[in-house]
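These protein sequence lines map, in sequence, to chains Z and W. Here the first sequence is numbered in the numbering used here, starting from 40 and rising by one per residue. Here the second sequence is numbered in the numbering used here, starting from 325 and rising by one per residue.
Hint data in this document are derived by calculation from the structure and do not stem from the laboratory. Cβ coordinates follow ideal geometry from the N, Cα and C atoms, glycine included. Hints may be right or wrong, so weigh each one.
To give a feel for the contact side, a few chain Z residues facing chain W, derived at Cβ under 10 Å [what the hints assert, rightly or not]:
{"id": "1", "residue": "VAL43"}
{"id": "2", "residue": "MET46"}
{"id": "3", "residue": "PHE57"}
{"id": "4", "residue": "TYR75"}
{"id": "5", "residue": "GLY82"}
{"id": "6", "residue": "GLN84"}
{"id": "7", "residue": "LYS88"}
{"id": "8", "residue": "THR90"}
{"id": "9", "residue": "CYS129"}
{"id": "10", "residue": "ALA130"}
{"id": "11", "residue": "ARG132"}
{"id": "12", "residue": "ASP136"}
{"id": "13", "residue": "TYR137"}
{"id": "14", "residue": "PHE141"}
{"id": "15", "residue": "GLY142"}
{"id": "16", "residue": "GLY144"}
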Amino acid sequence: GNSVTQMEGPVTLSEEAFLTINCTYTATGYPSLFWYVQYPGEGLQLLLKATKADDKGSNKGFEATYRKETTSFHLEKGSVQVSDSAVYFCALRGSNDYKLSFGAGTTVTVRA
Amino acid sequence: DGGITQSPKYLFRKEGQNVTLSCEQNLNHDAMYWYRQDPGQGLRLIYYSQIVNDFQKGDIAEGYSVSREKKESFPLTVTSAQKNPTAFYLCASSVTSGRTDTQYFGPGTRLTVL
Chain Z
40 GNSVTQMEGP
50 VTLSEEAFLT
60 INCTYTATGY
70 PSLFWYVQYP
80 GEGLQLLLKA
90 TKADDKGSNK
100 GFEATYRKET
110 TSFHLEKGSV
120 QVSDSAVYFC
130 ALRGSNDYKL
140 SFGAGTTVTV
150 RA
Chain W
325 DGGITQSPKY
335 LFRKEGQNVT
345 LSCEQNLNHD
355 AMYWYRQDPG
365 QGLRLIYYSQ
375 IVNDFQKGDI
385 AEGYSVSREK
395 KESFPLTVTS
405 AQKNPTAFYL
415 CASSVTSGRT
425 DTQYFGPGTR
435 LTVL
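Isolated chain W (complex conformation) (with noise of 0.2 Å):
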């Protein structure tokens, strides 16, 4: 089955630490993008990516880096430079970057920094 991976689903830091958050997909899609969801609100995004090797900042990059050296992955480091990292991170893929494309989502890696 075709799809996106997330890992791990729950995932503890102790302040100070950068952590990486894996997504994986295998629908052959071009862009991926990375969101943060904290409670009682909508998503926003962190970083997206249009191909491989290319990547830019969303909205609210501050604290976070991404590669893309592979077109099926997209990993996001949690740096000790974000502020308040705990929150619920969601990865999103779609063919192209197109404005009529549908972004499909992963399940989610829950981050809690202790």
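Excised from the complex, chain Z in its bound form (with noise of 0.2 Å):
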């Protein structure tokens, strides 16, 4: 079946610093990839998304890149801010498939 595997955290940075986030999928076919955001207490927000191989989603200074050679979708973001402190999973949904498969979430803590 499908599966995401994301690196564990937690993951503390200063202000301004390099983020990455680092995930991997199994799946058959061409499955959609999405990166969700959650705030403390609050449910998922979409961060950015890709369908298809070399897509790149953006948005909010979050970029990252639909790899099928190497199965991955990693999260970057080169300057964080504190605001930026929340959970993050990577979820893959498949083409035969109607629910989302999500990752275990990382947990980033940036500090001023």
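Using the hints, build the complex out of the two chains.
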């Protein structure tokens, strides 16, 4: 079946540092890939997505590129802020699947 | 503003009681979903519905039931048969159930069994 593996957290950074969260996946066919962000006590918000190989999703300074050859969708941001502190989830939706398959989430804390 | 609302935000239940979580959307989306989130884990699908009057079990449907009588509403009932119901429950919707469609999430309901 489909699955997503994310780097384990927690990750603690200083403001303006570079952030990378690794995400790899296993899926048949051509899945769509997503990054969601969850702030404390809230639901999930879509951060970005990519629906085919080599697509780059971007939003709020975050970027991720759909790499089919390495089955990866790593999230990056060049300069983080305290407000980026949250839990980040990588997810995929398979070609013949109705659900999102989620990674376990990575907790990011940015210190001033 | 269009969006998904879930109520209540916090819910407490005694063992042996059924409880119903509300989910309403005004996005005119056809598809709706219920996920469960446990600490330190990703989300797992409980039930989903592609259209009104139709729904299917997800990966962890045992002890749960749903209905989809209206397009905008998809309530989830947690029954006494659910062995470990304490969790954060998230409702989501998407335009259709297509592979590329984004699922949008509500704010969640935190259920605690006393």
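| message | Hint compliance check: list the failing hint numbers for this structure, sorted ascending. | response | Violated hints: 2, 3; rest satisfied.
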